[in-house]
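Fit chain Y to the supplied structure of chain R, relying on the hints for placement.
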Amino acid sequence: MKNSVYLLIGIFFGIVLLKSEAASWFRIYEMFHFKAFHMYGIIGSALVLGIVFIQLIKRYNIKTFDGAQISFDDKKKSIPRYLIGGIIFGLGWALAGACPGPMFVLLGAGFFPIIIVIIGAMLGTWCYGLLKNKLPH
Amino acid sequence: MDLLKQPFPWYLSGPLISITLLLLILVGKRFGMSSNLRTMCTVLGADKTCDFFCFDWRAQRWNLFVTLGVLIGGFIAVTYLSGGNAPAININVIKELNTLGFKSAGTSYLPLELFGEGVFSSVKGILILLIGGVLVGFGARYAGGCTSGHAIAGLSNLQLPSLIAVIGFFIGGLIMVHLIFPLIF
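Protein chains in written order, with numbering that gives the first Met the number 0: chain R, 0 to 136; chain Y, 0 to 184.
Next up, chain R with everything else stripped away, as it sits in the complex (with noise of 0.2 Å):
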């Protein structure tokens, strides 16, 4: 596939995830404190829809564009990895207010001290190469 492909879909989720206000600070408090319903709304019919999508996909068996065949990795079953990371994560979400997405997303949009929380966010993920074989997995 070409990568102005790519590139497209990438400049559609942007302007999605600018317009939805979930790269908004204010939302992703908002949310936390349970005062609307918009982030849940947004998580929840994205997920809906996904579901419905992936299950068509493996039903009919629906191939990519290029015919090649879809498949689904299962991921590696843990639990500390994915709670403990989770747990992380979002503080992190909560407190820049911008998870990977967005982060990008306000760059493009000029809200340029979002560069700080890219690189902690870099310097987070070399953390975690450094560290990786000493954490529970």
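Misleading hints may appear alongside valid ones.
No farther apart than 27 Å at their CA atoms in a straight line, the calculated lysine-lysine pairs in the BS3-like style are these [claimed, not checked]:
#1 R/K62 x R/K74
#2 Y/K28 x R/K74
#3 Y/K28 x R/K75
#4 R/K34 x Y/K94
#5 Y/K4 x R/K34
Label pairs and their computed distance ranges (CB to CB) [as the list claims (entries may be wrong)]:
#6 R/D65 x Y/N97: 49 to 55 Å
#7 Y/K123 x R/C126: 20 to 26 Å
#8 Y/N91 x R/F111: 27 to 33 Å
Hint data in this document are derived by calculation from the structure and do not stem from the laboratory. Just so it is clear, the structure is predicted and the values come from calculations on it, not from any experiment. Every residue gets a Cβ at the ideal spot worked out from N, C-alpha and C, and that includes glycine.
Chain Y in isolation, oriented as in the chain R frame:
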């Protein structure tokens, strides 16, 4: 066109995110934004420091193009689609944020106290953004995914590990907002 200039309601936003997931699957790829952070570390030379970054980053170049697109999408949304307007958050949340010192609540897309240009000269502001970023990056790789990879793609494929990760996201978020925010704001 006028409709595009309004904020997208949740019942439009959610399905559009699922369509992103579907498109990526149909071009033979996977939906996951945080793995780009690992790729970017490798591109910058982290592969010289540990094995985790020793992989052929060119195989992940497609996702960097998605990321570049996301960035351009943010620019387009703000420039042509009135995307940077203040979200209509709950009025009680605005009042609460005002008392915490976030005077920009209800008047801007992001809190100017953290994302205004002034933050570059505030040690506290820089530390909050930097630490927030470090936690997101570390946590996403430890958990093997972020909101896109686990909460959308993983849960859509009914993966129990993704459910555990998403529960973790919420435990962490609730701890931050309810227990740690009162100490720092």
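Status of the hints after comparison with the structure:
no.	hint	in the structure
1	R/K62 x R/K74	holds, 21 Å
2	Y/K28 x R/K74	holds, 16 Å
3	Y/K28 x R/K75	holds, 19 Å
4	R/K34 x Y/K94	holds, 12 Å
5	Y/K4 x R/K34	holds, 25 Å
6	R/D65 x Y/N97: 49 to 55 Å	holds, 53 Å
7	Y/K123 x R/C126: 20 to 26 Å	holds, 22 Å
8	Y/N91 x R/F111: 27 to 33 Å	holds, 31 Å
Of the numbered hints listed earlier, not one is contradicted by the structure.
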